[in-house]
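Novice: Read off the chains here:
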Amino acid sequence: MTATSDNAKQLRPSLWETINERYPGVMITKDDLIPLVRLKKPLPEARLTFISSAGIQPKGTMPFDVVHPVGDYSFRRVPSNSKVADLEIHQIKYPTNGAARDLNVIFPIERLQELAAEGVIGALTPNFFSFIGYQMDPPTFERTLAEDIASAVVADGADAALLCPA
Amino acid sequence: MSLKYLKEAVISNDTEKLIRYVRLHLGDGNEAAGGKEIDKAWIEALKLLLDVPTTNREFIVRTLQQQDAATLAHLFFHLHFYFVQRSGEWIHDGNL
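Just so you know, the protein sequences line up as chains R and H, in that order.
All residue numbers for the first sequence refer to my numbering, where the first residue is 563 and numbers rise by one.
All residue numbers for the second sequence refer to my numbering, where the first residue is 910 and numbers rise by one.
Bound conformation, chain R alone (with noise of 0.2 Å):
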């Protein structure tokens, strides 16, 4: 990954090196800077889409493999236009009870529902997206779940996009 922009600022600096500390065997050794671009409409032009590594998905839908011990590489599309009561989160890597009591503090999907229908955001993509963070191959993680989510981003129209791990 190559910087695209002249003002490109590696958001957390030292976040590689804390990941590799607590995960020994050099898990992450990436030391080039996240690529920023500028947004190119206001945001009440845009259409945003959200994109999580919460594990939250339509019930009924394949549940994440939380069990893997190497990850699940998969995505699940989340309408934009869901209701919280039609969500659930597979998920054992981090503390869910906060959001089981409130799924906003982990996918803020009602109050990015609400910054649309107020005007501050132009609109929703049709669909989000989340996945497990739960990665041990991040070459795999970029070559395949990062790229397909990307692909069904540009395809549902995103101008920006609102990444939130948990």
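The set of hints was computed from the structure by calculation and includes no laboratory data.
Glycine is no exception: its CB is placed at the ideal position from the N, C-alpha and C atoms.
Accuracy of the hints is not assured; some may be wrong.
[Stated by the list, open to error] Calculated lysine to aspartate or glutamate pairs in the EDC-like style (CA-CA distance at most 16 Å, straight line): (1) H:LYS949 x H:ASP937; (2) R:LYS621 x R:ASP648; (3) H:LYS926 x H:GLU940; (4) R:LYS602 x R:ASP634; (5) H:LYS916 x R:GLU650; (6) R:LYS655 x H:ASP937; (7) R:LYS655 x H:GLU940; (8) H:LYS913 x R:ASP699; (9) R:LYS655 x H:ASP948.
[As the list claims (entries may be wrong)] Facing chain H, according to a computed beta carbon distance under 10 Å, are these residues of chain R, among others: (10) PRO620; (11) VAL629; (12) HIS630; (13) VAL632; (14) ALA647; (15) ILE651; (16) GLN653; (17) PRO657; (18) ALA661; (19) TYR696; (20) MET698; (21) PRO700; (22) PRO701; (23) GLU704; (24) CYS726.
Knowing the structure of chain R, use the given hints to seat chain H on it.
Specialist: The following block gives chain H in isolation, referenced to the frame of chain R:
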């Protein structure tokens, strides 16, 4: 630990690295807790068989014969979490 790290451990037959990884996975990053989780799953499975209940052995034999090893390995991890959950001592933060 990266997949590359684990595959190198397989090639060099470094079983300590491999089992440490399993314990870390099952213990959510806590190796000692992961070891206890393995024990917990086996104890729960053993308890269920002490009264020698009728089991569907045909299903077991058919599954072992018909499914590939990777699917069975995946099932093995599922069974671990199934028995841990069944024990009632769930240490994980979320849900399967």
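Novice: Now, for every hint given, state plainly whether the structure supports it.
Specialist: We went through each hint and held it up to the structure:
1. A hinted pair counts as satisfied when its Cα atoms are at most 16 Å apart, and H:LYS949 with H:ASP937 qualifies at roughly 15 Å.
2. Proximity of R:LYS621 to R:ASP648 is assessed by CA-CA distance (about 6 Å); at most 16 Å being required, the pair is judged to hold.
3. Of the pairs offered as hints, the one joining H:LYS926 and H:GLU940 holds, with about 11 Å between alpha carbons and a cut-off of 16 Å not exceeded.
4. This hinted pair does not check out: R:LYS602 and R:ASP634 have alpha carbons roughly 33 Å apart, beyond 16 Å.
5. Straight-line distance between C-alpha atoms of H:LYS916 and R:GLU650 comes to about 34 Å, which puts the hinted pair past the 16 Å bound.
6. Among the hinted pairs, R:LYS655 with H:ASP937 is consistent with the structure: their alpha-carbon atoms are about 7 Å apart, no more than 16 Å.
7. With a CA separation close to 15 Å, the supplied pair R:LYS655 and H:GLU940 stays within the 16 Å bound.
8. At most 16 Å may separate the alpha-carbon atoms for a hinted pair to count; H:LYS913 and R:ASP699 meet this at roughly 8 Å.
9. Distance restraint check for R:LYS655 and H:ASP948: the Cα-Cα separation of roughly 20 Å exceeds the 16 Å cut-off, and the hinted pair is therefore not satisfied.
10. With a cut of 10 Å, the hint placing R:PRO620 at the interface with chain H is violated, because the nearest CB-to-CB distance is about 15 Å.
11. Taken as an interface hint, R:VAL629 checks out: its beta carbon lies about 4 Å from the nearest beta carbon of chain H, inside 10 Å.
12. This hint holds: R:HIS630 has a C-beta 7 Å from the nearest C-beta of chain H, less than the 10 Å allowed.
13. Look at R:VAL632: its Cβ gets to within about 6 Å of chain H, closer than 10 Å, so that hint holds up.
14. A hinted interface residue such as R:ALA647 counts as satisfied when its beta carbon comes closer than 10 Å to some beta carbon of chain H; here the least separation is about 16 Å, so the hint is violated.
15. Because the beta carbon of R:ILE651 sits about 6 Å from the nearest beta carbon in chain H, less than 10 Å, this interface hint is met.
16. Against a cut-off of 10 Å between C-beta atoms, the interface hint on R:GLN653 holds, since the closest Cβ of chain H lies about 4 Å away.
17. The interface hint given for R:PRO657 is met, as the beta carbon of that residue sits about 4 Å from the closest beta carbon of chain H, less than 10 Å.
18. For the restraint placing R:ALA661 at the interface with chain H, the shortest Cβ-Cβ distance is roughly 9 Å, inside the 10 Å limit, so the hint holds.
19. Taking 10 Å as the C-beta cut-off, the interface hint given for R:TYR696 holds, the closest approach to chain H being about 9 Å.
20. With 10 Å as the threshold, the beta carbon of R:MET698 comes within range of chain H, its nearest partner Cβ sitting at about 6 Å, so the hint holds.
21. At about 7 Å, the closest approach between the beta carbon of R:PRO700 and any beta carbon in chain H falls short of 10 Å, and the interface hint on this residue holds.
22. At its closest, the beta carbon of R:PRO701 sits 8 Å from a beta carbon of chain H; the interface hint therefore holds under the 10 Å criterion.
23. This hint is violated: R:GLU704 has a C-beta 13 Å from the nearest C-beta of chain H, more than the 10 Å allowed.
24. Violation of the interface hint for R:CYS726 is found here, the shortest Cβ-Cβ separation to chain H being roughly 16 Å, above the 10 Å cut-off.
Of the numbered hints stated above, those contradicted by the structure are hints 4, 5, 9, 10, 14, 23, 24, listed in ascending order.
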